[in-house]
Amino acid sequence: MVDLTELMENEVFMAFASYATIILSKMMLMSTATAFYRLTRKVFVNPEDCASFGKGENAKKYLRTDDRVERVRRAHLNDLENIVPFLGIGLLYSLSGPDLSTAILHFRLFVGARIYHTIAYLTPLPQPNRALAFFVGYGVTFSMAYRLLKSRLYL
Amino acid sequence: MVDLTELMENEVFMAFASYATIILSKMMLMSTATAFYRLTRKVFVNPEDCASFGKGENAKKYLRTDDRVERVRRAHLNDLENIVPFLGIGLLYSLSGPDLSTAILHFRLFVGARIYHTIAYLTPLPQPNRALAFFVGYGVTFSMAYRLLKSRLYL
Amino acid sequence: MVDLTELMENEVFMAFASYATIILSKMMLMSTATAFYRLTRKVFVNPEDCASFGKGENAKKYLRTDDRVERVRRAHLNDLENIVPFLGIGLLYSLSGPDLSTAILHFRLFVGARIYHTIAYLTPLPQPNRALAFFVGYGVTFSMAYRLLKSRLYL
Numbered sequence: 001m002v003d004l005t006e007l008m009e010n011e012v013f014m015a016f017a018s019y020a021t022i023i024l025s026k027m028m029l030m031s032t033a034t035a036f037y038r039l040t041r042k043v044f045v046n047p048e049d050c051a052s053f054g055k056g057e058n059a060k061k062y063l064r065t066d067d068r069v070e071r072v073r074r075a076h077l078n079d080l081e082n083i084v085p086f087l088g089i090g091l092l093y094s095l096s097g098p099d100l101s102t103a104i105l106h107f108r109l110f111v112g113a114r115i116y117h118t119i120a121y122l123t124p125l126p127q128p129n130r131a132l133a134f135f136v137g138y139g140v141t142f143s144m145a146y147r148l149l150k151s152r153l154y155l
Numbered sequence: 001m002v003d004l005t006e007l008m009e010n011e012v013f014m015a016f017a018s019y020a021t022i023i024l025s026k027m028m029l030m031s032t033a034t035a036f037y038r039l040t041r042k043v044f045v046n047p048e049d050c051a052s053f054g055k056g057e058n059a060k061k062y063l064r065t066d067d068r069v070e071r072v073r074r075a076h077l078n079d080l081e082n083i084v085p086f087l088g089i090g091l092l093y094s095l096s097g098p099d100l101s102t103a104i105l106h107f108r109l110f111v112g113a114r115i116y117h118t119i120a121y122l123t124p125l126p127q128p129n130r131a132l133a134f135f136v137g138y139g140v141t142f143s144m145a146y147r148l149l150k151s152r153l154y155l
Numbered sequence: 001m002v003d004l005t006e007l008m009e010n011e012v013f014m015a016f017a018s019y020a021t022i023i024l025s026k027m028m029l030m031s032t033a034t035a036f037y038r039l040t041r042k043v044f045v046n047p048e049d050c051a052s053f054g055k056g057e058n059a060k061k062y063l064r065t066d067d068r069v070e071r072v073r074r075a076h077l078n079d080l081e082n083i084v085p086f087l088g089i090g091l092l093y094s095l096s097g098p099d100l101s102t103a104i105l106h107f108r109l110f111v112g113a114r115i116y117h118t119i120a121y122l123t124p125l126p127q128p129n130r131a132l133a134f135f136v137g138y139g140v141t142f143s144m145a146y147r148l149l150k151s152r153l154y155l
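Residue numbers (full-length UniProt numbering), protein chains in the order written: chain E, 1 to 155; chain Z, 1 to 155; chain V, 1 to 155.
In isolation and in its complexed conformation, chain E is listed as follows:
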């Protein structure tokens, strides 16, 4: 049987595992943020979620949308749209034998940019804060994709 712990002794792969776990955990906190705003602002989308606040017409007034809840949801969806490519491309990039310091620079920039993106989206900070954070994460992912396709293209 192959000793998988050997894979975890590869430094680039370990770094990828750490940064990927951190950014995925951050993304999961967005669910908690949505739930927090829904409960404190009493803004729901499913009738069964606000059943305890009243019956019939009384409950219906909680079925509405709210700027703050929608903002968190957009930040969450933007995370999903950008973290999925990072996971897929980053995993393959980590296995392609890149230079350790280059790889760690990519991972750090991506994780930092996505955390800053969330702060800029939720505060909200004036543009171009959010746009810059988005494009740093976007550029890092394309840089890894470029390296993968340049050195290992096999179609």
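If you are wondering where the hints come from, they were derived from the structure by calculation, not from laboratory data.
It is possible that part of the hints are untrue.
When chains are identical, the list treats them as one kind, so a pair holds in a single copy or across two.
Derived SDA-like pairs (lysine to any residue); straight-line CA-CA distance at most 20 Å [what the hints assert, rightly or not]:
#1 K60 - P126
#2 K42 - S52
#3 K150 - L29
#4 K26 - R73
#5 K26 - F135
#6 K26 - L155
#7 K150 - S31
#8 K150 - P124
#9 K60 - E70
#10 K26 - S151
#11 K61 - L153
#12 K60 - L125
#13 K26 - Y138
#14 K61 - S143
#15 K61 - E48
#16 K150 - R64
#17 K26 - R147
#18 K26 - N78
#19 K61 - N129
For chain E, the structure is supplied; the task is to place chains Z and V on it using the hints.
The following block gives chains Z and V in isolation, referenced to the frame of chain E:
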């Protein structure tokens, strides 16, 4: 050349592969559920999708939203938001050499919780059925992330 | 330390890495398409994004929805819903030792179908163009899931 079938002889990895494939297949069925409700209830969002039901003004009446279709779409998006972290963190966790029975407990709880979440969302069951299902899946993923970061942090 | 470059000498895995990188890069371009339409059509969802176009009431008129922007966003979300299962199932399938030509056929069909799906969604082409593209990608992913579960089920 490395014999990759060796990776598939690792029991934790094989278990992860099985559970991940099952929960991803379940998630894909949500697309079919959306399509089913759109067609049986004649609720569409793209004009080209209901072109066969009539022309001009006659077709426009099918471009609307429907509670049931929106409910399936929310369940689908919630799946995506929770299954993506499970895939990323679970893959890295599987490769980090966890105890087999602990790992399988994590995978079973997650897959069971997400299937129950879908049932609770689509029926719909009264709260806190759906909330509990959500938090079991959420807790399992964080438990794997915690183990990964505790034992293998490399920044 | 395990020589990870060996993993990249496995032809099925290299092919998966190439096709996965291509389709993820295509998905990322959807963000650029959304930004392009938002800027050229002046359609925004966050007040801070159109602050430079005017102050107060003058800026509010840009906070609206637009058919073309919503279409790109739906295509992007559909990509996400279908590419995530492909990544997860495809990665595990690649590691399960399939026949090289069968595997490459799966990857090519999926990538071709998703690119055609985007073209059919954004043009838009009349149905059933988009539906067929969707079901080809869907079927390919289920075919890989079926092979994985048939040969390697471990629960």
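Hints and how they fare:
no.	hint	result
1	K60 - P126	between (35 Å within a copy, 16 Å between copies)
2	K42 - S52	within (11 Å within a copy, 33 Å between copies)
3	K150 - L29	between (36 Å within a copy, 19 Å between copies)
4	K26 - R73	within (14 Å within a copy, 23 Å between copies)
5	K26 - F135	both (19 Å within a copy, 16 Å between copies)
6	K26 - L155	between (35 Å within a copy, 16 Å between copies)
7	K150 - S31	neither (37 Å within a copy, 23 Å between copies)
8	K150 - P124	neither (38 Å within a copy, 33 Å between copies)
9	K60 - E70	both (19 Å within a copy, 17 Å between copies)
10	K26 - S151	between (32 Å within a copy, 19 Å between copies)
11	K61 - L153	neither (56 Å within a copy, 47 Å between copies)
12	K60 - L125	between (33 Å within a copy, 18 Å between copies)
13	K26 - Y138	both (18 Å within a copy, 12 Å between copies)
14	K61 - S143	neither (48 Å within a copy, 37 Å between copies)
15	K61 - E48	within (13 Å within a copy, 29 Å between copies)
16	K150 - R64	neither (49 Å within a copy, 41 Å between copies)
17	K26 - R147	between (27 Å within a copy, 16 Å between copies)
18	K26 - N78	both (13 Å within a copy, 16 Å between copies)
19	K61 - N129	neither (36 Å within a copy, 23 Å between copies)
In this structure, the earlier hints numbered 7, 8, 11, 14, 16, 19 are contradicted, and the remaining ones agree with it.
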